[in-house]
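If you're matching positions, the sequence shown starts at 5 in our numbering and goes up one per residue.
Note that these hints are calculated values from the structure, not bench results. As the structure is a computational prediction, the values presented were derived from the model and not from experiment. Be a bit skeptical, because a hint or two may be false.
Cross-link-like lysine to aspartate or glutamate pairs, in silico, DMTMM-like; alpha carbons within 20 Å at most [to be verified]:
id	residue 1	residue 2
1	K75	E64
2	K29	E138
3	K66	E131
4	K119	E61
5	K31	E64
6	K25	E71
7	K66	E138
8	K101	E78
9	K31	D19
10	K31	E60
11	K53	E78
12	K141	E157
13	K115	E64
If you anchor each label on the Cβ, the simulated ranges turn out as follows [what the hints assert, rightly or not]:
id	residue 1	residue 2	range
14	K25	E117	20 to 30 Å
15	K144	Y168	38 to 48 Å
16	E81	E117	35 to 45 Å
17	E50	K25	43 to 53 Å
18	E173	L113	49 to 59 Å
The beta carbon of each residue, even a glycine, is placed where N, CA and C say it ideally should be.
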Amino acid sequence: MKNSIISESSVNNADLIAAEKLAEKIKAIESKLLCGGKNIIDHTNEQQKELEKRREEIAEQKRREREILQKLEEKEESTLEIKETFTSLQQEVELKKRKLRKLFAKLQLVKAEIKDCQEANARERRELEELQSELMKELKLKYLVIENFIPMEEKNKLLSRVIYDEDEEDWKLMKPAKSESRIITRRPISNPNANRPISEYAKIASTVGSGLRYKNENILDLDLIMPSRITKNYNAPVLSPTVSAALETALKEEEEISIDARLTTISKVNH
């Protein structure tokens, strides 16, 4: 019977460890930002109920364990009382002392367990209160953003599409209706010739040419790249004074003039 009690005690300890891991996991999940449209307060209350239920189960297991141990000790004590025969008053006193020491040890153990439970409950209560305070701050911040930055019409559209799935215990966002999906808001047109809105200042800046920031099209306006020159300038030959004088005389007079080419020289000068 002791072996069964010990095995049951080890199982209960394993359950306690599993419960502590579960509580840590729940705490880690709760510390993250909740999204998906679920109410944060309801989610916190549900988790708190689960923790309370688990603590009650653990307390019930501890109570059953103590009852079983107490019954076992009572049976052992009754067996000892039956078997023992008091030969003297001194033996009876020693037996009572041993029982008193056992009872005192039990009392101290119960007090220690009660103190541990009280400290654990107070710690969990403080953690839950801090978590609830943080979640309320986040919830108020989100409500503030929704009320000040989201149009009422868009907010009502989203609320009309939100439904609660009881099977999965989660909020879901339904697809928009066909009539709503067909409505497409046209972009504002500032210039019929432009494919996107542009301000008057941007028009002037693009005309002046202040960089690509104010251009209507994402096209670079590059200068013409000129190839390297592969030709040379033509330099006319320089005639000697004798030839120049002869040519001028020939142009002035109509008579034939004979010129001795042996007496003239032609030189080229490159500029």
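Which numbered hints does this structure break?
As far as the earlier hints go, 3, 5, 6, 7, 11, 12, 15, 16, 17, 18 are violated by this structure, in ascending order.
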